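Chain A is already provided as a structure; the job is to place chain B on it using the hints.
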Amino acid sequence: MGGLEKKKYERGSATNYITRNRARKKLQLSLPDFRRLCILKGIYPHEPKHKKKVNKGSTAPRTFYLLKDIKFLLHEPIVNKFREYKVFVRKLRKAYGKSEWSTVDRLKDNKPSYKLDHIVKERYPTFVDALRDLDDALSMCFLFSTFPRTGKCHVQTIQLCRRLAVEFMNYVIASRSLRKVFLSIKGIYYQAEVLGQPVTWITPYTFAHDHPTDVDYRVMATFTEFYTTLLGFVNFRLYQSLNLVYPPKIDGQTDTELKPAEGTEYAMDSESYLEKLSALSASLARVLAPAHEDEVEMDEFPVEGETAEQMDARKQEQEALEKHKQLFEGLRFFLNREVPREPLAFVIRCFGGQVSWDKSLCIGATYDVTDPSITHHIVDRPRVEPQVVGRYYLQPQWVFDSVNAKLCLPVADYFPGVLLPPHLSPFVTEQEGDYVPPEKLKLLALQRGENPDDESEEEDEEEEEEEDDDKEEEEDESEKEEEMKLKKMEEQKTQSNKALPVKVTAGKVRLEDKQRLEQEQQSEEKRLAIMMMKKREKYLYKKIMFGKKRKVREANKLAAKRKAHDTAVKEEKKKSKKARRA
Amino acid sequence: MAALPFPKWRLRLSLDSDSTFPSPPQDGSRKRWRRTSGLPHSVAFLLTMAAAAASSSFLGLGPGSRDPATARRRSRGPRNRKKGWKRWAGPEARLGREIGDFLEDVALQQRATGGLIAEQPDEGLFFLDTGDAEKDRRLNKGREKPLHVDLVLQPDSKVPAPKNILAHQVPNGRKERRRREFWEKKAEKGVLPRAERRLRARLQRGGPPPHKTPEKGRSDPERGFYDIWAADNPLEQALVGQDGWFLQQTKKQRVKRPARLGTKPSQVPAVEVIAAGGSYNPTFEDHQALLLRAHEVEVRRKKAEDKVERQLRIPAGTQLPTAETVFQEQCEGLLEESGDEGDTDGDAVAPAEPQDGPVAAPRREKKTEQQRRREKEARALAAQQRREKAARCRRQQLFRLRSLRQQLRRWDEELLRRRQLRLAKRRAKDVLPRRLGPLKYEEPSLEVQLSDELAESLRTLKPEGSVLRDRFKSLQKRSLIEPRERAKFKRRYRQKYVEKRAFREVTL
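Residue numbers (our numbering), protein chains in the order written: chain A, 381 to 962; chain B, 150 to 657.
For reference, chain A alone in the conformation it holds in the complex (with noise of 0.2 Å):
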C-alpha cells in the first residue's frame, strides 16, 4: 500500500504525443516555417487513439504531433537556416527602413540560403524507394509548369518544374516506357513503367487553368521545393540508367541542323534548348555511341518453382510489351495546329512514331505538310478540304486509343467529321461479373486477333440500305440474338461461381463420377455450412451473396439500357436517313 500517488497525464499516451504549438514552440520555428519543415522532412501529425488522454482531459480538436518526431526534428540543420533566414528578413528591412542601400546590397549578398540534398537522401535511402514515391512529384511538377509567369509563385519554381517536367518526358521517350493514357475531363493521365514500377501522373491541359482560391498555395509551393528536388536526383539517375548525357542533349548531327536555321525567332539563346527539348522531336545524346549490337538473345534461366507453362505465359507478355513498345515504329505523323502539340508528340514518340508540326506552330518541327512520306495526318477539325492521297487523316483520339488497345485500330472510325467511338479508360479493369460495355467487348476481340463485329456491322450496314423491307426483321433477329447471347452470358456470370461446366468423355467414367461426386459432395457440405453458421455469420453470408447477385442483377440492367439506347439511337439514324432520302 505504499508508494507514490499516481498522477494523471505523466505517463502512457498523453506523454507519447504534443500539441502542434508545444512542438512549434520547442522547435522555436513561426507556424509557416514549422509548417514547411514538416512537410520537407515528411512528418505528418497523428491522430491519436484516445484523445482525450492526449489532450489532458480537454476535448478540444487539436493537431498532435509524435514527441519522438519533433525530436527527430531538434537535430535538422535546417532549423537553424530557417532561423538566419528570419533574421536576415529583419536586418533587411531594418536596412530598407534606414535607406541603407549598400547595407541592403550587403546582406542581400550573403541571403542565407538552404539545400535539400540531405533530405532526399534521408527520406529515400534507395533509388527504388523514391521511383515508388514519383506519383506526387511529377504531377506537381507537370502541374507548376502550367502555371502563369505571374506572381502567384516564383518564377523560379516553374521555370525548375519546366526543366525537370520535360526531362522526365524526354527519358520515358528514349526509354519507351509509357504504358496508358487516359485523356478525362480534368486532365491527361498517364502510366509508365519505370524500371518495373508503375508511376502514374496527371498533367492539366494547356490554358485551362484556372487560381482556385481555397487552395493552400504556400503549403503547396513547399511540397514542389522537395519534389523539384527529388525529380531532379531521380531523372539524373534514369538518364544515366540509359547511358544518356545529363543535362540531355540534343543529339548531336541534329544539333548542328538546327542552330544555324531557326530557333531565333522562337526564342532567346538562353531560352531556345530548352524550349528545343521540349518539343520533344529529337533523339537525345548519349554517353557512347549506340553501337549497333545485333539482337542477342539472352539466355534464359528457370526461376524457381516456376512450370513451363508459367514461364511460357511471362514469354509472351515479354512480346506483347515489346510489340506494344514498337506500335507506331515507320510511321510518320504531322500534327495540324488546332491538336494538342505537346500530349501527342510525346505519346507518338514514346511508341517509336516520327512526329512533325508546322514550322510557325513550334520550335523543332523535322518535316513539312507536303512531305509524301506522311502515313498519318492527325487532325481536329469536321473536314479538311485539300486530302492528300496516301495518308490518312484522322482524329487525335485514334492515338489514344491506339496505344491502350496496344495496337494499330482500324482507321474507319476515326476519320475527320465521324462520331468517334468512345475513349474508354484504361485504368479500369473489369472485375468477374462486372458489366462489361461493347465496346470494350469488342476491342477485346479486336486485341484476340479476331475481327467478326466490323464485317457483320458492315454486311448490315449495306444490307440496310439496300432493303428497306428486311431491315425490321433482320434488327429483331439480331436482337434476338443478342438477347440470346446477353442471357448466355448471364448464365454464365451467375453459374460461374457456383458449378463448372461438365463434361463427358468416353472412358473416363470413373473419373467423372469422382468429380461429380466431389462436386455433390461440395455443395452438400457448403448447403450444411450455410445451416451450421451463426447467426452473425449468416447474416454477413447473406450479405455478401445479395452484393453479388445485386452486382449481377445490375450489370443485367446496364446491359438492358444500353440496348434500349443503341435501338433509340439507331431508330434516329434510320429516321434521318429516311427523311434525307424523302
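Since the hints were made in silico from the structure, they are not lab data. Remember, predicted model here, so these are calculated numbers, not experimental data. Each hint should be verified, as a subset may be incorrect.
As the list claims (entries may be wrong) - Now the stretches of chain B that chain A is said to cover, found in silico as 3 or more residues with beta-carbon under 8 Å: (1) 371-383; (2) 417-431; (3) 622-633.
Stated by the list, open to error - Partial list, computed: chain B residues near chain A (C-beta under 8 Å): (4) Gly-366; (5) Thr-399; (6) Pro-414; (7) Glu-454; (8) Arg-576; (9) Asp-579; (10) Arg-583; (11) Gly-586; (12) Arg-608; (13) Arg-618.
Said to hold, decoys possible - Derived SDA-like pairs (lysine to any residue); straight-line CA-CA distance at most 20 Å: (14) A/Lys-495 / A/Arg-617; (15) B/Lys-405 / A/His-498; (16) B/Lys-626 / A/Asp-513.
Just so it is clear, CB atoms sit at the ideal spot from N, CA and C, and this is done for glycine as well.
Chain B alone, transformed into the frame defined by chain A:
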C-alpha cells in the same frame, strides 16, 4: 478698426446686408464684378465663413458686440460626474475658443490663398463680367480660367513647405571635422585607422580574394544534380573515413531517420484516376454511372439543406403563437401548480393514506432448530453430489479427447477470425482520412459533365475542375496535411475614409 483683417467695404456690407459673400466695390461703372472662378470652392466657403465671422464680430470689438462675460452662461451639469467636468467652460474658455477659431480661420485662409483674403487685392478675388464673352476675354486678359488638370496638380496648401535644413548643413559636422583632424594628426605620426590598415595589408597580399561564384540555390532553374544514391556521392564523401565518435560529438553525423517514418499515414494512392465516366468521350453507361454518383451527392446535400430550412421556417398562420398562447406558456408552471393544489385540496382525504411511509417488509418467522439441520444436510448432500459429478466428468474427459481437440481448434479458429476482422477493420480505416484538427476532411465536389456539356471532339473540350485543387485535396485525404480554413484577415484599426481633392473632383 484698423486691426481687423477685413477691408472696409466688406465690413460695411457684412454689417448691413444678409448676403453670404462679399460683394464687389461699387465704383459706379456698369461693369459687373464676378467672383474669380479660378478660386477653388474652399475659398468660396472661406469667404462665407469670414463674412459670418465679421458679422458676429469676435473679440467684442464690433459695434453690436456684447461683453462675453455678460453673455448668458450655459448651465453645466453637475460636477460629480465625469461628463460635467469634461467641458471647458467659463469666460476664459469662451475667449480661448474664439481665439482658437480665429487662428484656425487664419490658417485656413493662408493654406487656401497663401495669405489673408482681406489683404488680397480686389483683382485677386474678382474679375470683370460685362455679359459679353468677347469683351470679357479682352478685359480679363492674362487671368484666364486655369485648366482643371493644373488645379488638381497644385499643392493642397499654399503655405510654403519649411526649408530643408539638411540641405544647408552637414549633420554632425563639427564632430566629423574633429575626427578628421584627429586622424590627420595621427597620419603624420604614421598611425592609420584600422580599415585603412587592413586594406593596405590586403593589397600587399596580392589584391582582393578571388570572387567566389555563389552556389546555385535549390530552386534555380539551372541548378545541377548528381547521383545521390551512388556510393561516392558528394553528400557523404566529406564524412567518409572519419572517426564515427568524432563525427557524432561534433554533430556532423546525420541522425538516423526512424523506421517508423517509412510508413505512410494512409494507403490511398497518390494519384487516384478519375472514374471511367470522367473520360472526355465516355461510354453511355460509364457516364450514367458517374452522373448517378454526382446525383446522389447532390440529393444528400439538398436533404441536409432542406432539413435546416424546415427547422428554421416560420410556422404557418394557425400555428403562429398568439398573445394567448404566449401568456399560457409563460404561466406554464405557475398555473398548473396552483391548479394541482386546488385539486388536492378538493380530495385531500383519499390519497393521504398510502403516502404514510415505506411499507414495512413482511417479517419472517424464526427458523426452528430442525429446519436448520435439514437445510444443512441438504447443502452437504448437494456439494457431495457436485463433487462426484465433477470427478466423473474428469474421468470421462479421457474419452472425450477428440471432441476436446476439436473444441480447441474451434477456439483457435475463432481467435484467428477475430484477428482477421480486426486487421480488416484497421485496413479499412487506413483508407479513410484522419481527423487531424478542428476541421474534418471534406470530399471535393465530383467533377462531372452533363450530357449536353460533353465535347464532340478534343478541340472543343472544356476541362472541368482543377488539377491543383485535386492535388491539394489528395494531400489532405492522405493525411499529409491537416484540413484548414484560410485565415480571415482582421484589421487592427478601423479604416478612415479620406476624400482627396484630386479624386473627388474627377467625376464623369
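Consistency of the hints with the structure:
1. With a threshold of 8 Å between beta carbons, the proposed coverage of the region 371-383 of chain B by chain A holds, since 8 of its residues qualify and at least three are required.
2. Counting residues of the region 417-431 of chain B whose CB lies closer than 8 Å to any CB of chain A gives 12, which reaches the minimum of 3, so the coverage claim holds.
3. With a cut-off of 8 Å between beta carbons, the region 622-633 of chain B has 6 residues touching chain A; three or more are needed, and the interface restraint holds.
4. Checking B/Gly-366 against chain A: minimum C-beta separation of about 5 Å stays under 8 Å; hint holds.
5. Because the beta carbon of B/Thr-399 sits about 13 Å from the nearest beta carbon in chain A, more than 8 Å, this interface hint is broken.
6. Using the Cβ-Cβ criterion of 8 Å, the hint placing B/Pro-414 at the interface with chain A is satisfied: the shortest such distance is roughly 5 Å.
7. A least Cβ separation of about 20 Å between B/Glu-454 and chain A goes past the 8 Å threshold, and the interface hint is therefore violated.
8. Checking B/Arg-576 against chain A: minimum C-beta separation of about 16 Å lies over 8 Å; hint violated.
9. Checking B/Asp-579 against chain A: minimum C-beta separation of about 12 Å lies over 8 Å; hint violated.
10. Taking 8 Å as the C-beta contact cut-off toward chain A, the hint placing B/Arg-583 at the interface holds, the least distance being around 4 Å.
11. Because the beta carbon of B/Gly-586 sits about 5 Å from the nearest beta carbon in chain A, less than 8 Å, this interface hint is met.
12. A distance limit of 8 Å between C-beta atoms decides the matter here; for B/Arg-608 the minimum to chain A is near 4 Å, and the interface restraint holds.
13. A hinted interface residue such as B/Arg-618 counts as satisfied when its beta carbon comes closer than 8 Å to some beta carbon of chain A; here the least separation is about 5 Å, so the hint holds.
14. Taken as a hint, the A/Lys-495 and A/Arg-617 pair is honoured in the structure, with Cα atoms around 19 Å apart against an allowance of 20 Å.
15. Annotation: proposed proximity of B/Lys-405 to A/His-498 holds, straight-line Cα distance about 12 Å (limit 20 Å).
16. With a C-alpha separation of about 16 Å, the suggested pairing of B/Lys-626 with A/Asp-513 holds against the 20 Å cut-off.
Of the numbered hints stated above, those contradicted by the structure are hints 5, 7, 8 and 9, listed in ascending order.
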